[in-house]
Every structure is written in structure tokens, then in C-alpha cells.
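Participant: Which chain is which? The protein sequence lines are A and B, in order.
Residue numbering for the first sequence follows the UniProt record's numbering, beginning at 1 and increasing consecutively.
Residue numbering for the second sequence follows the UniProt record's numbering, beginning at 1 and increasing consecutively.
Fair warning: there could be bad hints in the mix.
Because identical chains share one entry, a pair is satisfied inside a single copy or across any pair of copies.
Below 20 Å or equal to it, Euclidean Cα-Cα: the simulated SDA-like pairs (lysine to any residue) are [to be verified]:
| hint | residue 1 | residue 2 |
| --- | --- | --- |
| 1 | K33 | P57 |
| 2 | K33 | Q76 |
| 3 | K33 | N3 |
| 4 | K17 | V65 |
| 5 | K60 | A124 |
| 6 | K52 | E75 |
| 7 | K33 | G77 |
| 8 | K33 | F4 |
| 9 | K33 | Q5 |
| 10 | K33 | N74 |
| 11 | K60 | F111 |
| 12 | K17 | V50 |
| 13 | K60 | S22 |
| 14 | K52 | T18 |
Calculated directly from the structure, the hints in this document are not laboratory data.
Number of protein chains: 2
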Amino acid sequence: MSNFQVVAEQFVQFYYKTFDESRGQLAALYRDKSMLTFENQATLGAAGIVEKLTNLPFQKVAHQVASLDAQPSNEQGGILVLVTGVLLVDEEQRAMSYTQAFQLVPEGGSFYVYNDVFRLVYPASG
Amino acid sequence: MSNFQVVAEQFVQFYYKTFDESRGQLAALYRDKSMLTFENQATLGAAGIVEKLTNLPFQKVAHQVASLDAQPSNEQGGILVLVTGVLLVDEEQRAMSYTQAFQLVPEGGSFYVYNDVFRLVYPASG
Numbered sequence: 001m002s003n004f005q006v007v008a009e010q011f012v013q014f015y016y017k018t019f020d021e022s023r024g025q026l027a028a029l030y031r032d033k034s035m036l037t038f039e040n041q042a043t044l045g046a047a048g049i050v051e052k053l054t055n056l057p058f059q060k061v062a063h064q065v066a067s068l069d070a071q072p073s074n075e076q077g078g079i080l081v082l083v084t085g086v087l088l089v090d091e092e093q094r095a096m097s098y099t100q101a102f103q104l105v106p107e108g109g110s111f112y113v114y115n116d117v118f119r120l121v122y123p124a125s126g
Numbered sequence: 001m002s003n004f005q006v007v008a009e010q011f012v013q014f015y016y017k018t019f020d021e022s023r024g025q026l027a028a029l030y031r032d033k034s035m036l037t038f039e040n041q042a043t044l045g046a047a048g049i050v051e052k053l054t055n056l057p058f059q060k061v062a063h064q065v066a067s068l069d070a071q072p073s074n075e076q077g078g079i080l081v082l083v084t085g086v087l088l089v090d091e092e093q094r095a096m097s098y099t100q101a102f103q104l105v106p107e108g109g110s111f112y113v114y115n116d117v118f119r120l121v122y123p124a125s126g
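Here chain A stands alone, though its shape is the one from the complex (with noise of 0.2 Å):
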């Protein structure tokens, strides 16, 4: 396996974890620079990243990854992450699809979120 694939596999075991169990923790995984658009609102920057995710209406959120895809994205250990998954919120049995795009830059041996895209994804009607 090639060795962003297994970034991207740890990368995305520690974010959920960590989203699930504080995610007020998930500040160190961002800088100044990064970006976070969730469901269409646009943050810049590790505070108001942080904010924004902890502020989200829901006191308990259970993530579960169905597919996790990865592909460096530049020549300089950049690594681009899709993952599609089920969540659950507080006491609602009824799970969500979504899916959240990442770019991973390194830094220092380990590496930052310098993008991050989250979309729920509803049921095709047709």
C-alpha cells in the first residue's frame, strides 16, 4: 500500500474519533489557512474552523466511513482524501449519508487540513 494511502486511512481513524468524542479537539489538525466549507458556509482559519464545528446543533454525532479514497495532490506530499459515510446525531435513528473532501499538507512529519468540504448527501428521488 502506498504510503499516502496509509496517511489518509490514520488521517481519517483519528478525525472521526476525535469528532466524536470532542471535537474541540480537532484544533490542532488546522492552520491559519485553512479552509472549511460545511454545507455551503465558507470558515477560514483554525479558531473559526473550530468554532464552527463545535457549535453545530448537536451534542452527540457518531460517524461510520463507508469509503475512504486518496491520491496525492501536488509533488510536495500533498494528499487529496474523499470519504463517503453514514452519520448519526443525538437520539435520531435515522443515519445520514455524507461525504467530506480533504486536502492533507505536510508539516514537519506530520501533516495539516488545509482544505476540508463536508456535504450531506440525500436519497436520489428519481
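Here the structure of chain A is known, so what remains is to put chain B in place on it, guided by the hints.
Facilitator: Frame of chain A; chain B shown alone:
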């Protein structure tokens, strides 16, 4: 509206129109270093990508975009695009949900597709 948003919207409109009408012509959007991961199958390079896309097991396909998000992916003009939508193939009546992430890279006044990751999204069963 920011320029990257306009580029992303024009790209997505052109991409799916071309895909649905004559997908062999998507070759012009890829380069030798472009990557496609289509339902977990990875392909490198324009020739292989177009072969993969033209050999997909359907004759007719229609994409309908439900959401489009874009962010700058680096300081050299790259653009990350995340699409969700539905598609119909051949005579199938039931639409399928999908998500697709692209990274567009500038080249000579235009852009090519460096990263392309496609996944069907199945309804959450919870």
C-alpha cells in the same frame, strides 16, 4: 463571487455535459500525470482515464448536480471541487447518488484535472 468559484462552476457544467454527450472528449481535460479513482479503481494518465471512462458499462448517462463546493487548493491557483449529485444510466428508472472530487490545476490560461475521485453514495440504512 470569487474567481475559483466561477471556474469550478464552468468546469463542472462542461465536464458533465461532455461526459453525458460524448465522454471520449473528456481526454482534453486530463494530462499524463492526472489521476482517476473510480469506485476504488485507480488509473494514471489521460489515455488510461479516457479508456476507463469510455468503457464504463452503459451507453447513456445523465448527471444532475445537486451541490458544488470549491476552495483554492494551493497558492499557485489550484482549485478543489466537491460535487454531489444523482445520475441515471441507460433505461434504469432509479437515480443513484454520487460524489466526485476534482483538483483543477492552472495551465496556460485554462485548467486541467489533476485529481478525480468518483464514488456512488448508497442510501443510509440506519
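Participant: Report the numbers of all earlier hints that the structure fails to satisfy, in ascending order.
Facilitator: 1, 6 and 11
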